[in-house]
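Chemist: Residue-level listing of the chains:
2 protein chains.
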Amino acid sequence: MAHDIRIVTEAELRGAVTLDLDSVKVIEQAFGALSDGGVVMPPVMSMDLAEAHGEVDVKTAYIPGFDGFAIKVSPGFFDNPKLGLPSLNGLMILFSAKTGLVEAVFLDNGYLTDLRTAAAGAVAAQYLAPDLVHTAGVIGTGVQARLQARAAYLVRKFDRLLIWGRDADKARACAEDLSDLKCEIRVVEAPADLVKASQLVITTTPAKEPVIKAEWLHPELHITAMGSDQAGKNEIDPKALVQADLYVADRAPQAQSLGELRAALEAGLWAEDSPVELGDVIRGRARGRRNASEVTICDLTGTGVQDTAIATHVMARLTGRDVGTVIHT
Amino acid sequence: MAHDIRIVTEAELRGAVTLDLDSVKVIEQAFGALSDGGVVMPPVMSMDLAEAHGEVDVKTAYIPGFDGFAIKVSPGFFDNPKLGLPSLNGLMILFSAKTGLVEAVFLDNGYLTDLRTAAAGAVAAQYLAPDLVHTAGVIGTGVQARLQARAAYLVRKFDRLLIWGRDADKARACAEDLSDLKCEIRVVEAPADLVKASQLVITTTPAKEPVIKAEWLHPELHITAMGSDQAGKNEIDPKALVQADLYVADRAPQAQSLGELRAALEAGLWAEDSPVELGDVIRGRARGRRNASEVTICDLTGTGVQDTAIATHVMARLTGRDVGTVIHT
Numbered sequence: 058m059a060h061d062i063r064i065v066t067e068a069e070l071r072g073a074v075t076l077d078l079d080s081v082k083v084i085e086q087a088f089g090a091l092s093d094g095g096v097v098m099p100p101v102m103s104m105d106l107a108e109a110h111g112e113v114d115v116k117t118a119y120i121p122g123f124d125g126f127a128i129k130v131s132p133g134f135f136d137n138p139k140l141g142l143p144s145l146n147g148l149m150i151l152f153s154a155k156t157g158l159v160e161a162v163f164l165d166n167g168y169l170t171d172l173r174t175a176a177a178g179a180v181a182a183q184y185l186a187p188d189l190v191h192t193a194g195v196i197g198t199g200v201q202a203r204l205q206a207r208a209a210y211l212v213r214k215f216d217r218l219l220i221w222g223r224d225a226d227k228a229r230a231c232a233e234d235l236s237d238l239k240c241e242i243r244v245v246e247a248p249a250d251l252v253k254a255s256q257l258v259i260t261t262t263p264a265k266e267p268v269i270k271a272e273w274l275h276p277e278l279h280i281t282a283m284g285s286d287q288a289g290k291n292e293i294d295p296k297a298l299v300q301a302d303l304y305v306a307d308r309a310p311q312a313q314s315l316g317e318l319r320a321a322l323e324a325g326l327w328a329e330d331s332p333v334e335l336g337d338v339i340r341g342r343a344r345g346r347r348n349a350s351e352v353t354i355c356d357l358t359g360t361g362v363q364d365t366a367i368a369t370h371v372m373a374r375l376t377g378r379d380v381g382t383v384i385h386t
Numbered sequence: 058m059a060h061d062i063r064i065v066t067e068a069e070l071r072g073a074v075t076l077d078l079d080s081v082k083v084i085e086q087a088f089g090a091l092s093d094g095g096v097v098m099p100p101v102m103s104m105d106l107a108e109a110h111g112e113v114d115v116k117t118a119y120i121p122g123f124d125g126f127a128i129k130v131s132p133g134f135f136d137n138p139k140l141g142l143p144s145l146n147g148l149m150i151l152f153s154a155k156t157g158l159v160e161a162v163f164l165d166n167g168y169l170t171d172l173r174t175a176a177a178g179a180v181a182a183q184y185l186a187p188d189l190v191h192t193a194g195v196i197g198t199g200v201q202a203r204l205q206a207r208a209a210y211l212v213r214k215f216d217r218l219l220i221w222g223r224d225a226d227k228a229r230a231c232a233e234d235l236s237d238l239k240c241e242i243r244v245v246e247a248p249a250d251l252v253k254a255s256q257l258v259i260t261t262t263p264a265k266e267p268v269i270k271a272e273w274l275h276p277e278l279h280i281t282a283m284g285s286d287q288a289g290k291n292e293i294d295p296k297a298l299v300q301a302d303l304y305v306a307d308r309a310p311q312a313q314s315l316g317e318l319r320a321a322l323e324a325g326l327w328a329e330d331s332p333v334e335l336g337d338v339i340r341g342r343a344r345g346r347r348n349a350s351e352v353t354i355c356d357l358t359g360t361g362v363q364d365t366a367i368a369t370h371v372m373a374r375l376t377g378r379d380v381g382t383v384i385h386t
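Chains as they are written, first to last, in the working numbering: chain A, 58 to 386; chain B, 58 to 386.
If you are wondering where the hints come from, they were derived from the structure by calculation, not from laboratory data. The reader is advised that the hints may include incorrect statements.
Each pair may be met inside one copy or between any two copies, as identical chains are not told apart.
To be verified - Below, a list of computed lysine-lysine pairs in the BS3-like style, where the Cα atoms sit at most 27 angstroms apart:
no., residue 1, residue 2
1, K139, K155
2, K270, K290
3, K270, K139
4, K214, K139
5, K139, K82
6, K155, K253
7, K239, K270
8, K290, K155
9, K214, K265
10, K214, K290
11, K265, K82
12, K155, K227
13, K296, K139
Keep in mind it's a predicted model, so treat the numbers as computed, not measured.
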């Protein structure tokens, strides 16, 4: 039986879907569903192309109640900049969860991953940051530094944003790009200053050695660490995880192998069996922040449910709109 | 940097690429490369969607020397026929092996899988069947029964084709669809008759109990079993594998877990460590058939290298031709 498949480019996707409270809501629902059970999320498929200095990851997840499921392919080819090409590319394919038919191909070059990753940061802040955030701080100066600052601002209207990166020029460029946010923005000289002055901190780096020290923790602080998504990465001093009043993972097994929790486990600092998951806090199955003064940490490694959720959301946004190229099969 | 992505539908693919000696050659090269080493082929990613009576498999492989690599997504939704839809669907995505950029999306609904699976049958017959095949036999009456008969005929010009299936009407329909082959075609009443009269037999069933008994083996016989691709399937009496002069797998670890070899291992009949692989025979690293009278068996479970090979082949065929829809990104 013939059916139509919609092909949508990155430019078309950027025109159709942005980081807003709707995107945050759908990612919140995805984490909630993960807590409810019934989600099927196979381990990431990874292929190393050593000769080309490249790698490819494939993620997917089925979420009960969602009309579709996405398969995301993320190639990273690290010699591409020499050719004038971005290192990261890729696409998402949306399938009907009822028939398995292909519904759409999103040639997003990672844009939807950026969106769903930022949206998870907003969900973490919404559930775990103090209600009143006067100062927010972003560590790192890349795409996610920008998006995480905007995501945080969607759920906590801070007065001041601090930015720190190893390269001060890049930090200034990041501040410049965020100048439309209705708050004061400052580049700071040391990450300690940023953490000490903030109630909400987001780390967005590929660091392999902690950029946040445990002794910088203070009352009324929430930290979201979203940089670590591979064994070997580590943004937060492992001692901070046990020193905090609450540590929350997006997905416990992933945090144990790929996230901040890995380093804490390896250092023998983590005694509890399995950490609280963000979805459990959303659903009220686990406690979140109990009062303004607690210190909380959320560890985001990135999950297939976010991909399925954002792809389904995009499709809903596009329905009835003349966006993309329709292929009749 | 902008680049073009070609989207090609099943109908366009059927018009552009068919089962011929060129397709067989490219699959032969893929198996050869598998033997040469350097191939990266991650385990299949599988997701079960129990609520929808569906499943999805993702396969991929990198082959040194090939310009691209494919990622294949194969959904199977077994309630689809009730909706007037085919159970099997899916697509292949071709990426540059140098940059990871998406080059093409083949919305093939499994057509390219059918092609590469049939082509592997031709490669097996080419290297393992007796040089002179007077009578060939096909067990099963589905798409692969038809394609495997045609594939065998590309490499062995048999005079007579025998067909057996549990449903005689379907066997007759299969014979009818193959009537353009320049040979006599007969539907037989019992698989034993077919095996005993043939020098080349291809089994194409989803059988869970053997359809070929060991006592039917006879000199001057090659059997290709391509039906088993999951633990639980079994087309050939496990005793036949050890009774034969030579058993060859497409990929040893897959044959051990998904192919005919699994049942032989479980029955404690297989003493050797790891079977010969088809690529080793192609490259002369392992012996194939030594003389006309030997009995040989080839076990095809289906490999990611075949997907990468056929997708690369299709792309080469399409280059410079106005086939499909080009998306400018």
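Chemist: With reference to the structure, classify each hint as holding or not holding.
Modeler: Each hint tested on the structure:
1. K139 with K155: Result: close only across copies, 12 angstroms inter versus 43 angstroms intra.
2. K270 with K290: within (15 angstroms within a copy, 56 angstroms between copies)
3. K270 with K139: For K270 and K139, the Cα distance exceeds 27 angstroms both inside one copy (35 angstroms) and across copies (60 angstroms).
4. K214 with K139: Intra 40 angstroms, inter 52 angstroms, cutoff 27 angstroms: neither.
5. K139 with K82: Neither: 39 angstroms inside a chain and 35 angstroms across chains, both beyond 27 angstroms.
6. K155 with K253: neither (50 angstroms within a copy, 45 angstroms between copies)
7. K239 with K270: neither (30 angstroms within a copy, 78 angstroms between copies)
8. K290 with K155: between (38 angstroms within a copy, 26 angstroms between copies)
9. K214 with K265: Intra 31 angstroms, inter 62 angstroms, cutoff 27 angstroms: neither.
10. K214 with K290: Intra 30 angstroms, inter 59 angstroms, cutoff 27 angstroms: neither.
11. K265 with K82: neither (31 angstroms within a copy, 46 angstroms between copies)
12. K155 with K227: neither (46 angstroms within a copy, 29 angstroms between copies)
13. K296 with K139: neither (39 angstroms within a copy, 57 angstroms between copies)
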